[in-house]
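Asker: Spelled out, the chains give:
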Amino acid sequence: MNSLRVFFRGGLTSYRALFGWLNPWLGVPMMAVTPLFQLLFFAYLGRATGVASDTYFVVGNSLLAAALPGLVGVSGTVSGERVTKTLGMLLSSPANRLALFLGRTLPAVVNGVAVSVFCLASGTLLLDVRIAASAVPALMLVLVVCAFSCSALGLCIGAFGLRVRDVSVLAWVFIPVLLLVSGANVPVDRLPDWVRAIGSGLPLAHGIVAARGLVAGRTLADSGRALVLELMIGLAYTGAGILLLRLFEFESRRTASLETM
Amino acid sequence: MIRVLASGLRIHFLQLSRSASDVLGITVWPILYATIAYYMFGAESDPRVLLTASLGATVMAIWSSVAFGSGGAIELQRRLGTLELLVAAPVPFGAVLAPITIATSAIGVYALAATLLWGRLLFGIPLHFEHPLMFALSLPVAIVAIGMLGLVLASTLIFYRASLFLGASFEYPGWLVMGLLVPLSVLPGWVAPISWLLAPTWGMRAIRESTIGGSPLRAIAMCLALSACYAVIAVAFLRAFERLARERATLALT
Chain Y
0 MNSLRVFFRG
10 GLTSYRALFG
20 WLNPWLGVPM
30 MAVTPLFQLL
40 FFAYLGRATG
50 VASDTYFVVG
60 NSLLAAALPG
70 LVGVSGTVSG
80 ERVTKTLGML
90 LSSPANRLAL
100 FLGRTLPAVV
110 NGVAVSVFCL
120 ASGTLLLDVR
130 IAASAVPALM
140 LVLVVCAFSC
150 SALGLCIGAF
160 GLRVRDVSVL
170 AWVFIPVLLL
180 VSGANVPVDR
190 LPDWVRAIGS
200 GLPLAHGIVA
210 ARGLVAGRTL
220 ADSGRALVLE
230 LMIGLAYTGA
240 GILLLRLFEF
250 ESRRTASLET
260 M
Chain E
0 MIRVLASGLR
10 IHFLQLSRSA
20 SDVLGITVWP
30 ILYATIAYYM
40 FGAESDPRVL
50 LTASLGATVM
60 AIWSSVAFGS
70 GGAIELQRRL
80 GTLELLVAAP
90 VPFGAVLAPI
100 TIATSAIGVY
110 ALAATLLWGR
120 LLFGIPLHFE
130 HPLMFALSLP
140 VAIVAIGMLG
150 LVLASTLIFY
160 RASLFLGASF
170 EYPGWLVMGL
180 LVPLSVLPGW
190 VAPISWLLAP
200 TWGMRAIRES
210 TIGGSPLRAI
220 AMCLALSACY
230 AVIAVAFLRA
240 FERLARERAT
250 LALT
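Line order of the protein sequences matches chains Y and E.
Under numbering that gives the first Met the number 0, the first residue of the first sequence carries the number 0, and numbering increases by one thereafter.
Under numbering that gives the first Met the number 0, the first residue of the second sequence carries the number 0, and numbering increases by one thereafter.
Errors might be hidden in some of the hints.
To be verified - One-sided excerpt, in silico: chain E residues whose CB lies under 10 angstroms from chain Y:
1. Leu13
2. Leu15
3. Ser16
4. Ala19
5. Ser20
6. Ile30
7. Gly41
8. Ala167
9. Ser168
10. Trp174
11. Leu175
12. Trp189
What the hints assert, rightly or not - So the derived label-pair ranges between C-beta atoms look like this:
13. E:Leu13 with Y:Leu97: 25 to 35 angstroms
14. E:Thr249 with Y:Met88: 45 to 55 angstroms
15. E:Arg245 with Y:Ala132: 24 to 34 angstroms
16. E:Leu121 with Y:Phe249: 34 to 44 angstroms
17. Y:Val187 with E:His127: 48 to 58 angstroms
18. E:Ala224 with Y:Thr218: 51 to 61 angstroms
If you are wondering where the hints come from, they were derived from the structure by calculation, not from laboratory data.
Computed from a predicted structure; not experimentally measured.
Think of the CB as a built atom: it goes at the ideal place given N, C-alpha and C, for glycine as much as any other residue.
Generate the whole structure from the sequences, applying the supplied hints.
Answerer: Below you can see the structure in the form of structure tokens.
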């Protein structure tokens, strides 16, 4: 029961604290304005370069919008403990580590889905993109899986926050990396093989393929393989994140280096 | 006053240059955005288009640095506990704040170097500048003008506690409206008049025309004129802020 409380309440409190004094409305400029204008920026760049249709960019960037809360949010909930000088107290508490850290990913997944839905809805309205109503339920499933895989990568980045002074830069660098390699904006057939290989090992690439398939009229069964791949990537990063957190916690105790810079 | 501005600019530029995270951010971001632009325009495109994309990515990085840095400039001083000292100093607060915002713009020179080198080495984009002297003039004028826009941003976001978040949310709208990578011709017609009021639009135009040909003097003049306007606006805002903060005793509070 206590672990459940740590998972849900602890995770939510930690995530809300990201926005300062527990007021999530302070995050709205970044969670609404930035992803929407990112979508518009690439859609218009796409029009200027003739790369693809608006639908292509609306779908890709809506999924990509989950990366901001997933990467920056989750990593921030771990690295923020260092800033507020509570990392030592947190790690000396007897709380279940899985509940402690995985609980911080759940609000980011919910936030990621909300941001993605907002972008998808506003992008389709502003750019007059049509998505069949029958595709929406399956599309929602893809959004959830993509938000999960992004949060899982954020957990891995956050783990480095136990040893590295400022992981927020690393999290922020991953955003344009995903812009490039995920296929959200640059069609993957234009990318070199090695960039494609990197993209296929990171969140979003497979989810975006699945989502575009659904919007193009394919069924969930047709897009299932890409969606399963996306889910597996999320699970792999979750496992890696937990292992890294345990490893860095153990190492920091062994070498007394928890808050060394 | 000139000494305050010059030494402030030097100190803040060196301070930002010593921050590995700031330098990493300002060099890696434009490289990635330039790469996205190369692949979207197509590697077989006119080399001048790709060079323009590199420069556009550089000005995008400068604007990002200013949007983040200026939005949080006063907030940072507040956190460090130096805001009262700076306001109480016997020089106008604007003269203390302007070097901070211009320095956040000036570290864009790292972005320029990294992006041009990246384009040259990986994509073979020739570095040919049509008017090298004009380019040498355009760049600092653009940097100062964008930094001064940052000063306006910093002075207007003073009372907003999450000014860093709000400042950062100007990043993409700025990139779009200023025509840094996306030509203004593909945007709705009402966007162009907005872009004329923003220094990065003219800074980009000055840099582009001194690189690929054209007459950058008009754009340089617009940068200078806008810088002066921004200074007047920022000083007015800062004076009002300072008076209110003293009256209410809320300088260090949020």
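Asker: Work down the list of hints and note, for each, if the structure agrees.
Answerer: Verification of the supplied hints:
1. Leu13: Violated: closest Cβ of chain Y sits about 19 angstroms from E:Leu13, beyond 10 angstroms.
2. Leu15: violated (13 angstroms)
3. Ser16: Violated: closest Cβ of chain Y sits about 15 angstroms from E:Ser16, beyond 10 angstroms.
4. Ala19: Holds. Min distance 8 angstroms.
5. Ser20: This hint holds: E:Ser20 lies near chain Y, its Cβ roughly 4 angstroms from the closest one there, short of 10 angstroms.
6. Ile30: Check passed: Cβ of E:Ile30 comes within 9 angstroms of chain Y, closer than 10 angstroms.
7. Gly41: Cβ of E:Gly41 sits 7 angstroms from chain Y, so the hint holds.
8. Ala167: Holds, about 6 angstroms.
9. Ser168: holds (4 angstroms)
10. Trp174: holds (6 angstroms)
11. Leu175: E:Leu175 check passes; min Cβ-Cβ to chain Y is 5 angstroms, inside 10 angstroms.
12. Trp189: violated (14 angstroms)
13. E:Leu13 with Y:Leu97: 25 to 35 angstroms: This hint is violated: roughly 45 angstroms between Cβ atoms.
14. E:Thr249 with Y:Met88: 45 to 55 angstroms: violated (31 angstroms)
15. E:Arg245 with Y:Ala132: 24 to 34 angstroms: violated (58 angstroms)
16. E:Leu121 with Y:Phe249: 34 to 44 angstroms: holds (40 angstroms)
17. Y:Val187 with E:His127: 48 to 58 angstroms: violated (32 angstroms)
18. E:Ala224 with Y:Thr218: 51 to 61 angstroms: holds (59 angstroms)
Violated hints for the displayed structure, listed by number in ascending order: 1, 2, 3, 12, 13, 14, 15 and 17.
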